[in-house]
Amino acid sequence: MNSQFLTFPQIDPIIFSIGPISLRWYGLMYLIGFGFAYWLGMRRAKNSHGVWTSENVDQLLYTGFWGVVLGGRIGDVFFYSFDHFLQDPLYLFRIWEGGMSFHGGLIGVIVAMIWVSRRQARSFWQTADFVAPLIPFGLGAGRIGNFINDELWGRVTDVPWAVMFPNGGYLPRHPSQLYEFFLEGIVLFVMLNLFIRKPRPAGSVAGLFLIGYGVFRFLVEYVRDFDPTVNTAADLITRGQLLSLPMIIGGIVIMLWAYKRKTV
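FYI, full-length UniProt numbering numbers position 231 of the sequence shown as 231, with every residue one higher than the one before it.
Simulated from the structure, these hints should not be mistaken for laboratory data.
All C-beta atoms in this analysis are idealised placements derived from N, C-alpha and C, irrespective of residue type, glycine included.
Just so you know, not all the hints are guaranteed correct.
Beta-carbon label-pair distances, calculated as ranges [what the hints assert, rightly or not]:
| # | residue 1 | residue 2 | range |
| --- | --- | --- | --- |
| 1 | Ile114 | Arg43 | 50 to 58 Å |
| 2 | Ile249 | Ile14 | 34 to 42 Å |
| 3 | Ile252 | Trp115 | 21 to 29 Å |
| 4 | Pro160 | Trp115 | 16 to 24 Å |
| 5 | Asp83 | Val223 | 21 to 29 Å |
Using the sequences plus the hints, can you model the full thing?
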């Protein structure tokens, strides 16, 4: 009965180990994402006619890295595992037992951008518009890491491309990680980097990022499996959708403000 569906490729999440130290695919995906952001940021800095320097990009991405890591972990704990945290506060520091929340990471990056903008004496929107097109590639890489880790799979389905995930009970499920890889990684990357080919009002690039990610995440949540710790099948809206709505609304407001301010 299940032979018609795709079998999950058995990929060891650990690439190799040297003593107690292991390199995991998920961690490698994050490194690839940051490496690409660094390369693209440096390339854009060279073409900025002195508006951005390599030192500016170094400072921005280094600070942003810690914003992603700290914000992502704190967000995952407080948005999705708060009851666990109340019972065991040290769970916050055991990052090997939990995950990373995009929405928490976004908050961390926003805090990092505010700090860097002040240090570099530039507007927050100038910083945000520079950062936004660098992010999607890393998001896509992270979703590939989720797929390899056999986690965050979708709901049970009978579509021909359904995947039999071992951790999903060998039931045919939507490969929602790959949907997000395509939408959040590839499509959003192309959208933003085409958008910035022409001069845009300050804040509009960041606004488009918020709208794009928010809409894509909201849609994919319809096929992602329910997290029993925060959602039930009776819920009309998932936690991920609830967190994405402010992004969509905020992005629309920012873009309207950016273009209205340009015409004033």
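Taking 21 to 29 Å as the stated bounds, is the beta-carbon spacing between isoleucine 252 and tryptophan 115 within them? holds (26 Å)
Is 50 to 58 Å a correct range for the gap between the Cβ atoms of isoleucine 114 and arginine 43? violated (25 Å)
Given the hint of 21 to 29 Å, check if aspartate 83 and valine 223 actually sit that far apart at their C-beta atoms. At 26 Å between Cβs, range holds.
Starting from the hint 16 to 24 Å, judge whether the C-beta atoms of proline 160 and tryptophan 115 obey it. 48 Å Cβ-Cβ, so the 16 to 24 Å window is violated.
With 34 to 42 Å as the target window, see if isoleucine 249 and isoleucine 14 comply at their CB atoms. Since the Cβ atoms of isoleucine 249 and isoleucine 14 sit about 41 Å apart, the hinted range of 34 to 42 Å holds.
Consistency with the previously given hints fails for numbers 1 and 4, ordered from lowest to highest.
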